[in-house]
Amino acid sequence: KQEVTQIPAALSVPEGENLVLNCSFTDSAIYNLQWFRQDPGKGLTSLLLIQSSQREQTSGRLNASLDKSSGRSTLYIAASQPGDSATYLCAVRGNNNDMRFGAGTRLTVKP
Amino acid sequence: GAGVSQSPSNKVTEKGKDVELRCDPISGHTALYWYRQSLGQGLEFLIYFQGNSAPDKSGLPSDRFSAERTGGSVSTLTIQRTQQEDSAVYLCASSFGVSAKNIQYFGAGTRLSVL
Chain A
1 KQEVTQIPAA LSVPEGENLV LNCSFTDSAI YNLQWFRQDP GKGLTSLLLI
51 QSSQREQTSG RLNASLDKSS GRSTLYIAAS QPGDSATYLC AVRGNNNDMR
101 FGAGTRLTVK P
Chain B
1 GAGVSQSPSN KVTEKGKDVE LRCDPISGHT ALYWYRQSLG QGLEFLIYFQ
51 GNSAPDKSGL PSDRFSAERT GGSVSTLTIQ RTQQEDSAVY LCASSFGVSA
101 KNIQYFGAGT RLSVL
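Listed in order, the protein sequences are those of chains A and B. Under this note's numbering, the first residue of the first sequence carries the number 1, and numbering increases by one thereafter. Under this note's numbering, the first residue of the second sequence carries the number 1, and numbering increases by one thereafter.
Treat the hints as calculated values from the structure; they're not laboratory data. There's no promise every hint is true.
As the list claims (entries may be wrong) - Pairs of lysine to any residue, SDA-like flavour, derived with a Cα cap of 20 Å:
{"hint": "1", "chain 1": "B", "residue 1": "57", "chain 2": "A", "residue 2": "95"}
{"hint": "2", "chain 1": "B", "residue 1": "101", "chain 2": "A", "residue 2": "74"}
{"hint": "3", "chain 1": "A", "residue 1": "68", "chain 2": "B", "residue 2": "101"}
{"hint": "4", "chain 1": "A", "residue 1": "42", "chain 2": "B", "residue 2": "11"}
{"hint": "5", "chain 1": "A", "residue 1": "42", "chain 2": "B", "residue 2": "10"}
{"hint": "6", "chain 1": "A", "residue 1": "1", "chain 2": "B", "residue 2": "41"}
{"hint": "7", "chain 1": "B", "residue 1": "101", "chain 2": "A", "residue 2": "52"}
{"hint": "8", "chain 1": "A", "residue 1": "1", "chain 2": "B", "residue 2": "37"}
{"hint": "9", "chain 1": "B", "residue 1": "57", "chain 2": "A", "residue 2": "2"}
{"hint": "10", "chain 1": "B", "residue 1": "101", "chain 2": "A", "residue 2": "53"}
{"hint": "11", "chain 1": "A", "residue 1": "42", "chain 2": "B", "residue 2": "108"}
{"hint": "12", "chain 1": "B", "residue 1": "15", "chain 2": "B", "residue 2": "65"}
To be verified - Listed next, with one range per pair, are the computed distances between beta-carbon atoms:
{"hint": "13", "chain 1": "A", "residue 1": "7", "chain 2": "B", "residue 2": "41", "range": "14 to 22 Å"}
{"hint": "14", "chain 1": "B", "residue 1": "3", "chain 2": "A", "residue 2": "40", "range": "12 to 20 Å"}
{"hint": "15", "chain 1": "B", "residue 1": "72", "chain 2": "A", "residue 2": "17", "range": "41 to 49 Å"}
{"hint": "16", "chain 1": "A", "residue 1": "22", "chain 2": "B", "residue 2": "63", "range": "34 to 42 Å"}
Beta carbons are placed, not taken as given, at the ideal position from N, Cα and C, and that holds for glycine.
All chains, full assembly: derive it from the sequences and hints.
Laid out in structure tokens, this is it:
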């Protein structure tokens, strides 16, 4: 069974810092990997999706990388802002269409 | 619609009662997914539909859980004889298809509390 782990569980940084969130997964036979953010009491918002054949995706200040062979993905956030404060979830989709989520990294960006 | 819509947003029920949760996907999305987010447990995949068909129901926690989708649109997740451990936020997502490039879009969820 696919296991997804996110490190760190929580992270607090001052505004303006660049930061990296880590995601690891145990089974490299994945269909895609998706990064989401979840604000308190809200649903999930998709940030970036990386297909299994891709190495990275970029959107604005966000960059996600995928190394399928080592079972790792990183989400890089440049020039962090207080509005980036949220829980960031990594999800791996298997070839049978199930999606396994990590427990998330709770990010706080202090003004 | 503009986004994935779930109803009710909150549901409080007594142990042993049946509940029905509804998900209205984004118009034109053929794939629909149900997840459960329990306190301190993270997100758990339950079931997905491609059209009206659910190829794999093994993610449902018990036989008290069932889901259906009709007309390739609205889906309902039914929990019979609810137990306190069923208390969670139930999230629904939809995507245009099931290919690797298809992003899943989530609703705001239904918070279920079983007393």
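Earlier hints that do not hold, by number: Violated hints: none at all, because every hint is consistent with the structure.
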